[in-house]
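Visitor: Protein chains in written order, with the working numbering: chain A, 1 to 230; chain B, 1 to 267.
Hints are computed from structural coordinates only; laboratory data are not their basis. We put the CB at the ideal spot given by N, CA and C, even for glycine. Hints are supplied without guarantee of correctness; some may be wrong.
[Stated by the list, open to error] Taking beta-carbon pairs under 8 Å as the criterion, some of the chain A residues facing chain B (in silico):
#1 Tyr35
#2 Gly38
#3 Arg41
#4 Val46
#5 Pro143
#6 Asn151
#7 Gln216
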Amino acid sequence: MLEKNNFTQRTGRPSALVGRVSLSMDNLKVCILDYGSGNVRSVFNVFSILTEAVFISNKPEDVISATHLVLPGVGAFGASMKKIQERIPLTVLENEALVKNKPFLGICVGMQILADTGLEFGEHQGLGWIPGTVEKIDSRGLPLPHVGWNNIEIKKETPLLADLGNSPDFYFVHSYAFKEKDTSHVAAKTEYGSEFTAVISKGNIFGVQFHPEKSQKAGKILLKNFLNLR
Amino acid sequence: MKKNRLIPILLLKNGWLVQSKQFSRYQNLGNPVTAVRRLSEWGSDELIYLDISQDDTYDRRRSDQGPNRQSFLEIIDDVSRAAFMPITVGGRIRTLADIENRLKVGADKVSVNSQAFADKEFITQAAKEFGSQCIVASMDAKTIEGRHIVVFRGGREVSPYSPVEWAKNLESQGAGEILLNSVDRDGMKTGYDLELLASVCEQVKIPVIACGGAGEWSHFAQAFEKTKVDAVAAANIFQYIDQSVYLAKKYLFEHGFNVRPPDLLTI
Chain A
1 MLEKNNFTQR TGRPSALVGR VSLSMDNLKV CILDYGSGNV RSVFNVFSIL
51 TEAVFISNKP EDVISATHLV LPGVGAFGAS MKKIQERIPL TVLENEALVK
101 NKPFLGICVG MQILADTGLE FGEHQGLGWI PGTVEKIDSR GLPLPHVGWN
151 NIEIKKETPL LADLGNSPDF YFVHSYAFKE KDTSHVAAKT EYGSEFTAVI
201 SKGNIFGVQF HPEKSQKAGK ILLKNFLNLR
Chain B
1 MKKNRLIPIL LLKNGWLVQS KQFSRYQNLG NPVTAVRRLS EWGSDELIYL
51 DISQDDTYDR RRSDQGPNRQ SFLEIIDDVS RAAFMPITVG GRIRTLADIE
101 NRLKVGADKV SVNSQAFADK EFITQAAKEF GSQCIVASMD AKTIEGRHIV
151 VFRGGREVSP YSPVEWAKNL ESQGAGEILL NSVDRDGMKT GYDLELLASV
201 CEQVKIPVIA CGGAGEWSHF AQAFEKTKVD AVAAANIFQY IDQSVYLAKK
251 YLFEHGFNVR PPDLLTI
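This is chain A alone, in the form it adopts within the complex (with noise of 0.2 Å):
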């Protein structure tokens, strides 16, 4: 059976297959804002992919010129926000993302950040962009925290999750979601347990509570949809 295979696969490669992903954007720049969160570098190495003009950088200049902001982050929600206030400059970001309404990617913390507040270990204050609250998920008894692949299911059309199908999987590692006020912020749901918000966006914000760093061909469309926004 196995030399079947063997056989069969090279006389014909699926149609799945797709080549690599062109973008079309000039002086694009994109910074990945650096306060230490430890998957920093997995975010860097597949924007590295798909564009050269992808940078680590917490300098006020850097956040200036870039046309695209991503905020990595793995961890506690509180502690995340405390290095967060301490590295990045945050008058200038939120000059850049809020007023100049530049393309904002949050990732997992990054995306958790954005509310106003959050309730792992503690009540801590958020960023306040997008009103909601972040808080333990109710998984009815399966284990947390969440690891592993599972499907969204798109809420509202955004040109992030273009390309993707109805129900796209991701790779998760989280315990707590974004609770949002207002339902119109919902891009995308994940069901575990119950269900959680797993893509935000509210205008040139966005936030994704899975890792596209680390979901490979789903994740590689949803960064090149992003680097496309203007």
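Got chain A sorted already, so can you dock chain B onto it with the hints?
Guide: The following block gives chain B in isolation, referenced to the frame of chain A:
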């Protein structure tokens, strides 16, 4: 819905990838990084990368395939650049600093085996420091006088524990997952030890990853059908067949198993 996973395992011995048979015979497979690139392109759900070297000598002895590497961490650094999927790194982990060093160069999780036996607090400390999701407890079971016994140090040291006892202990200490390997089936291509897998899965709530013995795609199906394993892992079967992971995924997907659809990606 959360998916069951298909996980290739790569074994590194002194800078070379090897194939293992019953933890005692090894055959050279080659470059430690090019294999990772292939496995990523074929749509593996995760990768487990285990260092089974007995000393600190790492040498690829090939300068035509990228820079030579003298340390395990340098190799893992290369691996993490080649794989856009979660990576579990294991082997020779003795201290919390060992874990931190592996995470720094791009590992997402670590697998701990013998140190959990040598220091009964180690898993607890590691889980507290890095989170349970980061700690995969690996255990090797061997049949001795007709019953399963947990063994350590690559099978050289026999413990007093049954697999169920030890698995429950690992869970209570805070391990996030259990990688359950059968020494008897290792490299034998005769299928997983379903009795062993079923007995452990019944007694723990954390995900169990099956390992040891897969010789054809239907062995993966058997493990999902007959036991409650969350993931199936294998080493040798993924090495000798082009697009192996894709074909295995396709087999499981077409037979209605809860796995990610098969897909090839060029990254």
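Visitor: Each hint needs a verdict: does it hold in this structure or not?
Guide: Outcome of the hint check:
no.: 1; hint: Tyr35; in the structure: violated (16 Å)
no.: 2; hint: Gly38; in the structure: holds (6 Å)
no.: 3; hint: Arg41; in the structure: holds (6 Å)
no.: 4; hint: Val46; in the structure: holds (5 Å)
no.: 5; hint: Pro143; in the structure: holds (6 Å)
no.: 6; hint: Asn151; in the structure: holds (7 Å)
no.: 7; hint: Gln216; in the structure: holds (5 Å)
Hint 1 alone, counting from the list given before, is not met by this structure.
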